[in-house]
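Trainee: So the protein lines, in turn, are chains A and B. The first sequence begins at 1 in the working numbering and counts up by one. The second sequence begins at 246 in the working numbering and counts up by one.
I should point out that these hints are in silico values taken from the structure, not numbers from a laboratory. Heads up, a few of these hints could be off.
[Said to hold, decoys possible] Estimated spans, in silico, between C-beta atoms of each pair:
id, chain 1, residue 1, chain 2, residue 2, range
1, A, E165, B, P366, 33 to 43 Å
2, B, P417, A, I87, 55 to 65 Å
3, A, A138, B, G252, 31 to 41 Å
4, B, Q439, A, A138, 28 to 38 Å
5, B, G252, A, T181, 30 to 40 Å
6, A, G191, B, D387, 20 to 30 Å
7, A, P18, B, R256, 54 to 64 Å
8, B, Y432, A, G100, 15 to 25 Å
9, A, L230, B, G252, 24 to 34 Å
10, B, E315, A, T9, 44 to 54 Å
11, A, E165, B, G372, 23 to 33 Å
Quick caveat, the model's predicted, so the values are computed rather than measured. Note that beta-carbon positions come from the ideal geometry of N, C-alpha and C, so glycine has one too.
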Amino acid sequence: MTGDWTVGTVTAIAPQTPTSRSIDLEVPGWPGNLAGQHLDLRLTAPDGYTATRSYSIATAGAGTRVQLAVDRLPDGEVSPYLVDELIVGDQLEVRGPLGGWFVWRPPADDRSPAEPVQLIGGGSGIVPLMAMARAHAAVASTVPFRLLYSVRAPEDVFFAAELAELARSPHFDIDWVYTRTAPEGWSGSPGRVTRERLAEAVVPAALDPAVFVCGPTGFVETVADLLVELGHPAARVKTERFGGA
Amino acid sequence: MPIISRGFSGRRREESPQLPPGQYLTEDFPVLSAGPTPAIATSDWVFGVTGDVAETRAWNWEQFHELGLEEIHTDIHCVTRWSKLGTSWRGVSLDRVLDGLDVAGRFAMAGCYGGYTTNVPVDDLLGGKAWIATEFEGAPLDPEHGGPARLLVPHLYFWKSAKWVRTLRIMPKDEPGFWEQNGYNMYGDPWREQRYW
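This is chain A alone, in the form it adopts within the complex:
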């Protein structure tokens, strides 16, 4: 499957933030994917010019429906097309699923050891973490899940309604970092994630959580360094970064 391009059809599009939207694809023959995997997406111009980029998948499990969520990069070539031009019914070529490292697999059964999971996302870095949260909910897993989600402002939250719904589970908690504008009634003040915030909002190292961090490079570098300082073994911290340093 990995080696072949296949055609998906856009079945739904929903705005997520002022600069992003989710895109649902129906991909006949899609073999399903693990939570956290990505795919390659290829656009072709009428003269044959192509542009290919990798996108994390927001969904997980069996089935031929695949959801992406794409943020428009100011100088991007593919993301502005996906965010501004694409409409339901359009076709896209995809290849995947790809990646076998930044993935969460539900325990095989209730007797398997249930290591807690800490998800830490910055901005659109929520996408592969969303796949993990959905996989967790889909099997009604009792594995303790905790998400720390850093956004500039409340309107920059991806999947806001669904996250609120997921947080009703006794096994899934969400903590927030607002870097510029906090919602009304928020007790803290806006600002970037700090060591103190991580210490209070992340599953403690003593509980040996599996940690997944995804976001812009600067965010991930900061968070991963602080996690190591807080005693999390580097081998327990999986990262996915995007953008330059």
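Mind docking chain B on chain A? Use the hints.
Mentor: Below, chain B without anything else, positioned relative to chain A:
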């Protein structure tokens, strides 16, 4: 028959002959790492060659520099599809590192501070094609880009250029490293688009 993307014209149109198929040019330097960035002081740094060699050998930071740094000007290509042209590095050629070690095996596994591994054929490390780089664009290599020292094998996809390199283990048979066990190609030639399994 490719599917034409309605309304897509493509605005970058990078047709450089230096750009392998399926790659796009970037001016910045993206960071891709599987975990936290290890902090390694040059005073603690050691690099060694082990495995299928007549004699293992190791160097500390000063000893390693005595092997002689050279200037490197090269293009680099990441499997995630960015390429960066005309980068400048300084580092020690693997020809010098492996000189006189009587390397018997044909494959090598780079091992790193932090636990990363990647496999490269020995032939791809020799002949002026590979280095252990300690400087990038005139400055010590940043930790997030692999500092204090990384493998530099620019004719292969950049995941082969292991950051924070610590050992080179010579092997009689090819074995998969970290990404090679997680979906990436054993060899990784960007000109043949050897990205995945």
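Trainee: What hints, given by number in increasing order, does this structure fail?
Mentor: 1, 7, 9, 11
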